[in-house]
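All chains should be modelled from the sequences, with the hints used to inform the complete structure.
Protein chains: 2
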Amino acid sequence: MENLIQPRILKGFRDFLPASEIQRASLIEKITEVYRSYGFVPIDTPVLEYTEILLRKSNGETEKQVFRFEDNGGRDVAMRFDLTVPFARFVAEHRAELYFPFKRYHIAKVWRGEKPQAGRYREFVQCDIDTVGSDSAASDFEILSVMKAAFEKIGVPEIVIKINHRGIFNRFLAKIGAVDRSEDILRTVDKLSKVGKDQVKKEIEEITLSKEKTELILNYVSFSSDFQNTLAFIEDLAGGPAEDTKRLRDIYLMMKAEGIEGTFALDTSITRGLDYYTGIVYETFLTDLPQIGSVCSGGRYDNLASLYMKERVPGVGASIGLDRLIAGLEQLGLTDTRKSYVDAEIYCLNAALAIEYQKTATFFRSKGINVEVFPDEKKMGQQYALTQAKDIPWGILINDKDAKSGTMTLKDLSTREQFENLTAEEAAEKILSAKHR
Amino acid sequence: MENLIQPRILKGFRDFLPASEIQRASLIEKITEVYRSYGFVPIDTPVLEYTEILLRKSNGETEKQVFRFEDNGGRDVAMRFDLTVPFARFVAEHRAELYFPFKRYHIAKVWRGEKPQAGRYREFVQCDIDTVGSDSAASDFEILSVMKAAFEKIGVPEIVIKINHRGIFNRFLAKIGAVDRSEDILRTVDKLSKVGKDQVKKEIEEITLSKEKTELILNYVSFSSDFQNTLAFIEDLAGGPAEDTKRLRDIYLMMKAEGIEGTFALDTSITRGLDYYTGIVYETFLTDLPQIGSVCSGGRYDNLASLYMKERVPGVGASIGLDRLIAGLEQLGLTDTRKSYVDAEIYCLNAALAIEYQKTATFFRSKGINVEVFPDEKKMGQQYALTQAKDIPWGILINDKDAKSGTMTLKDLSTREQFENLTAEEAAEKILSAKHR
Chain A
1 MENLIQPRIL KGFRDFLPAS EIQRASLIEK ITEVYRSYGF VPIDTPVLEY
51 TEILLRKSNG ETEKQVFRFE DNGGRDVAMR FDLTVPFARF VAEHRAELYF
101 PFKRYHIAKV WRGEKPQAGR YREFVQCDID TVGSDSAASD FEILSVMKAA
151 FEKIGVPEIV IKINHRGIFN RFLAKIGAVD RSEDILRTVD KLSKVGKDQV
201 KKEIEEITLS KEKTELILNY VSFSSDFQNT LAFIEDLAGG PAEDTKRLRD
251 IYLMMKAEGI EGTFALDTSI TRGLDYYTGI VYETFLTDLP QIGSVCSGGR
301 YDNLASLYMK ERVPGVGASI GLDRLIAGLE QLGLTDTRKS YVDAEIYCLN
351 AALAIEYQKT ATFFRSKGIN VEVFPDEKKM GQQYALTQAK DIPWGILIND
401 KDAKSGTMTL KDLSTREQFE NLTAEEAAEK ILSAKHR
Chain B
1 MENLIQPRIL KGFRDFLPAS EIQRASLIEK ITEVYRSYGF VPIDTPVLEY
51 TEILLRKSNG ETEKQVFRFE DNGGRDVAMR FDLTVPFARF VAEHRAELYF
101 PFKRYHIAKV WRGEKPQAGR YREFVQCDID TVGSDSAASD FEILSVMKAA
151 FEKIGVPEIV IKINHRGIFN RFLAKIGAVD RSEDILRTVD KLSKVGKDQV
201 KKEIEEITLS KEKTELILNY VSFSSDFQNT LAFIEDLAGG PAEDTKRLRD
251 IYLMMKAEGI EGTFALDTSI TRGLDYYTGI VYETFLTDLP QIGSVCSGGR
301 YDNLASLYMK ERVPGVGASI GLDRLIAGLE QLGLTDTRKS YVDAEIYCLN
351 AALAIEYQKT ATFFRSKGIN VEVFPDEKKM GQQYALTQAK DIPWGILIND
401 KDAKSGTMTL KDLSTREQFE NLTAEEAAEK ILSAKHR
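Going line by line, the protein sequences match chains A and B.
Here the first sequence stands for residues 1 to 437, where the numbers follow this note's numbering.
Here the second sequence stands for residues 1 to 437, where the numbers follow this note's numbering.
Calculated from the structure, these hints are not laboratory results.
Careful: at least some of the hints might be erroneous.
[Claimed, not checked] The list that follows gives simulated cross-link-like pairs (lysine to aspartate or glutamate, EDC-like), each with its CA atoms no further than 16 Å apart:
| id | chain 1 | residue 1 | chain 2 | residue 2 |
| --- | --- | --- | --- | --- |
| 1 | B | K359 | A | D76 |
| 2 | A | K115 | B | D71 |
| 3 | B | K339 | A | E97 |
| 4 | A | K11 | B | D226 |
| 5 | B | K359 | A | D236 |
| 6 | A | K64 | B | E70 |
| 7 | B | K30 | A | E93 |
| 8 | A | K162 | A | E261 |
| 9 | A | K339 | B | E70 |
| 10 | B | K11 | A | D76 |
| 11 | A | K109 | A | D323 |
| 12 | A | K11 | B | D71 |
| 13 | A | K430 | A | E417 |
| 14 | B | K109 | B | D82 |
| 15 | A | K115 | A | E61 |
| 16 | B | K367 | A | E420 |
| 17 | B | K11 | A | E93 |
| 18 | A | K401 | A | E420 |
| 19 | A | K213 | A | D226 |
| 20 | B | K256 | B | D226 |
See below:
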């Protein structure tokens, strides 16, 4: 006998057992349904791409984390670390075949060799939507609306989507003479909730070399009031009304008209770390679990595919981080606890009746009932244990006498109530009426 | 301005544009629904695994094709090339957490650095099911039944599932004194339909070094008649009835009882290339397109996870090769031609009415209607072109007068018939009744 290999997986990677995978599939199905209901269409791109395509614009941090190697043909390739860069490449490559505004969703795995830690994995799923080819308040609002609808569909009762506008902040930075360092300032402000005000103050002083500018910036990003007051405040600091503040106001009016403005907060400290955002930016927090961080983020960008083509393609998008969301839902006790999709189990009382069991199963399936047949004549205790482990609601017992008379016993596995001598029709009706109750 | 990077993807990889991805998603949804209706539950495993885990039992061919590299932590890792090896590792690793018989489905991408050619890709999707922990005719039959049901659900009218039994063939090889070379003989017979009888004859002579044995083997694998006659023929050649022929007969009786035996053929030349099969094996062909090869294959194995644990886990499984299937459906004109999931487009007649459009969209979505809002006040020709490209059935026009009176014009985009002055309720009813017709 050969030596056994210890079965194990790589650090930071995970197996999904049925209960976890059912839960993940259930979330993806709900999110997909909502994305589709707004007119987003699916695309897919390769997991492996030329490293040159994926990493051209990245900072050193991403480069260190990416799974990169030389393939058998000597090509420098890498596994995608997000769905945005491949989407930019996709839009540039297929622009002649697409219709604009182009609205796509893409729900898929991405890989980053991050240091594994609680809630951080090297393989995880992102659920992205983007609308490209329109620079309108309607598109901005639609992304926010679909985010809210997705969380509602998932069954998360309380979220807050914190919005801000990069353009207004940049206008303010220009006014106080700090716009040349805007990227560094944005990245520092982005850490505010994590590292605290004192640390941010210290770092901004180092960037601006001015206590006065630092105070002005901290004044801006610390302000907190309702949406309209905050908007008035930053509009004033940025030098008065302009396209950017009009845009935020238009979005707010749409929220109000739909009666969903309560879900949104204008938060002047939201900046998003990524360089390419130019308009609104947002992060989403579970009201009862803000400490796990944003579960859905995004924003508007001026030009998605600037690395690959000359035409400018403005757009707006968002991405749900499914794995962090699941971790949050688990902590809140809001996860789908199904353990199978089976409505009824046909037990094996007598292996000689196997044909009868299969025929009965086929009949039930034709009625839209999901049925599993226990394949072996094992002890009933073992068969019941399986249906219990899988949380299956109904059991079907067909003995020799039943087989002759074309009947069966239907058992409610939660109450243990039994219904004897039912025809297949009668049993199916009972299961269906309970299923649709 | 930086130099532009030519947007391009790796050879053998593909982008999926919306029409293709909708089609793929539609097939996956149908296959998933059927798998679930038989009690299979989903799992997931990492795309990357230790090379040692994936390649221990492979032959040189696989090793050459796998995407393998050293990760940043110096680990020898590889991308999975099928879903069976990871499943074997999964069962061994989690056996204490699973209930047996364990029935899982796994629909996911796998990677092989094959020479790209028509219908062969380096990234493709497999749709696997396996039942492990039962060695019963019921489990064998169930896999065949679910395969047939899946193709029916997909809307493929005519398939033939060709079955054979490795055990019977091995018994025959033992009888003629050729069982010590059974693996080589099986692999050679597997090529029969591709390379022809003469070539196979030549190779088997080289393997067995016996013209007589070669004749006997060719006689076995060339026989063709109906299921029962063929079974009687090979039973006789193998030395008479035994467990293996009883198993095939039991499976046939189940098919007959369900009236699906017409879909199945007992084909003595089917062997499957892979080593681990020990019982029934099968391949599935589109009746009108046999030349593209098998679109769903599998079989029974004695021991799934022998590399990773001592306990024997018998099982039976099948895998639909989604990409080859799609290629076949395209040739047969059987593909889903939807281009979006949108039922109705709300056109933008006046950007000032954006709020009205969004509210109307939300109302329709609450009724279960998928609605897209055109975000910009573009020329109507351009807006119509988009809805035409996306095959959207209904258009909704709301002008200033409508906005005031709370009405709209509903337009059937295929007939161009218009219904004016409808309330949102009335329009929704019209769309829904057409949708469910």
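If you check each hint against the structure, which ones fail?
As far as the earlier hints go, 1, 4, 5, 7, 9, 16, 19 are violated by this structure, in ascending order.
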